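Trainee: Here is how the chains run, residue by residue.
2 protein chains.
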Amino acid sequence: MQMYKHVMFASDLSQSCDAVGLKAKEIAWANSAKIIMVHIVIPFEPGFSSSINAIADAVTQAVPPLEQFAKSGLEIQAKRLGLHDAKLLVGIGSPKREIVQIAQERDVDLIIIGGHGLHGLDYILGSTADGVLHRAKCDVLIVRMRE
Amino acid sequence: MQMYKHVMFASDLSQSCDAVGLKAKEIAWANSAKIIMVHIVIPFEPGFSSSINAIADAVTQAVPPLEQFAKSGLEIQAKRLGLHDAKLLVGIGSPKREIVQIAQERDVDLIIIGGHGLHGLDYILGSTADGVLHRAKCDVLIVRMRE
Numbered sequence: 299m300q301m302y303k304h305v306m307f308a309s310d311l312s313q314s315c316d317a318v319g320l321k322a323k324e325i326a327w328a329n330s331a332k333i334i335m336v337h338i339v340i341p342f343e344p345g346f347s348s349s350i351n352a353i354a355d356a357v358t359q360a361v362p363p364l365e366q367f368a369k370s371g372l373e374i375q376a377k378r379l380g381l382h383d384a385k386l387l388v389g390i391g392s393p394k395r396e397i398v399q400i401a402q403e404r405d406v407d408l409i410i411i412g413g414h415g416l417h418g419l420d421y422i423l424g425s426t427a428d429g430v431l432h433r434a435k436c437d438v439l440i441v442r443m444r445e
Numbered sequence: 299m300q301m302y303k304h305v306m307f308a309s310d311l312s313q314s315c316d317a318v319g320l321k322a323k324e325i326a327w328a329n330s331a332k333i334i335m336v337h338i339v340i341p342f343e344p345g346f347s348s349s350i351n352a353i354a355d356a357v358t359q360a361v362p363p364l365e366q367f368a369k370s371g372l373e374i375q376a377k378r379l380g381l382h383d384a385k386l387l388v389g390i391g392s393p394k395r396e397i398v399q400i401a402q403e404r405d406v407d408l409i410i411i412g413g414h415g416l417h418g419l420d421y422i423l424g425s426t427a428d429g430v431l432h433r434a435k436c437d438v439l440i441v442r443m444r445e
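Line order of the protein sequences matches chains A and B.
Under this note's numbering, the residue at position 86 of the first sequence is numbered 384, and the numbers go up by one with no gaps.
Under this note's numbering, the residue at position 136 of the second sequence is numbered 434, and the numbers go up by one with no gaps.
There could be a bad hint or two in this list.
Same chains, same names: a pair is fine if it fits in one copy or spans any two.
Below, simulated DSSO-like cross-link-like pairs (lysine-lysine); rule was C-alpha separation at most 27 Å, straight line [stated by the list, open to error]:
id, residue 1, residue 2
1, Lys377, Lys435
2, Lys385, Lys369
3, Lys377, Lys332
Honestly, the hints are just simulated from the structure, not real lab data.
The structure displayed is predicted, hence computed values, not measured ones.
Could you put the whole structure together from the sequences, leaning on the hints where they help?
Mentor: So this is what it looks like as structure tokens:
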């Protein structure tokens with residue numbers, strides 16, 4: 299199978315998304331594709347009373363440790379899943395936008411992302427998966443996660 | 299790769315969804331999976347002024363030829379794609395509900411469906427693909443269709 303050359307696994311770093319990563323690994327292997335593992339850090343959620351300066355300070359202080367934490371999280375997850383050759387990338391910003399942006403920059407032809415939670419009879423895709431689906435220029439595989 | 303045992307290709311019978319069918323074929327082959335090809339017939343769109351009897355008559359008369367037409371359409375598409383071993387199924391009703399219903403009845407673990415059209419920067423998934431995504435209990439692969 300040579301349908302995909304660059305497969306992206308969008309990870310939220312949780313153990314429950316290991317199943318998504320394992321599917322990404324199998325698909326990449328079957329396609330002899332490169333695998334990119336991505337986690338997006340949301341830098342800051344401003345409170346209603348924050349001043350511009352307080353926001354600027356918080357962003358400057360918060361992003362580097364969060365980015366480092368995410369990088370370590372990706373390394374640990376990649377090791378756990380045996381994704382030794384995966385390219386690990388941390389983005390900062392809106393997850394849906396960053397995932398699609400990085401996918402385009404890296405010529406990704408398949409994004410693999412988990413579909414969270416069951417609400418009544420319907421799955422809640424989550425705004426990230428939903429946003430990726432509507433923005434991505436490539437194929438998207440939604441993997442159902444058992445919780 | 300043995301991730302999927304029953305792969306469903308949801309077809310709108312158009313030539314532009316042949317690319318979706320070819321991906322379904324490759325994925326089924328790589329997984330040694332059975333492939334089910336499905337098209338759903340929407341039986342009737344009542345006009346505002348239709349009486350109950352007129353609707354009942356129209357439904358009774360319209361469904362068998364439409365179903366037959368869809369079956370022929372599936373056969374032609376299956377032949378065109380070399381899907382000689384595919385199980386061909388025609389459902390009647392709401393496409394998103396029927397696709398998910400048939401998928402559950404047939405133990406489908408991956409539904410493959412086309413994502414239509416580009417509207418500005420965003421893809422329009424179409425209400426069928428969107429509905430399937432939110433209802434399906436299994437993985438869903440959205441294949442981008444070039445138009």
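Trainee: When no copy is named, should Lys377 and Lys435 be tagged within, between, both, or neither for a Cα gap of at most 27 Å?
Mentor: Answer is neither; intra-copy 29 Å and inter-copy 29 Å both fail.
Trainee: Give the relationship of Lys377 and Lys332 under a CA distance limit of 27 Å: within one copy only, between copies only, both, or neither.
Mentor: within (16 Å within a copy, 33 Å between copies)
Trainee: Should Lys385 paired with Lys369 be assigned to within, between, both, or neither, using CA atoms and 27 Å as the limit?
Mentor: within (11 Å within a copy, 46 Å between copies)
Of the numbered hints given earlier, the model fails hint 1 alone.
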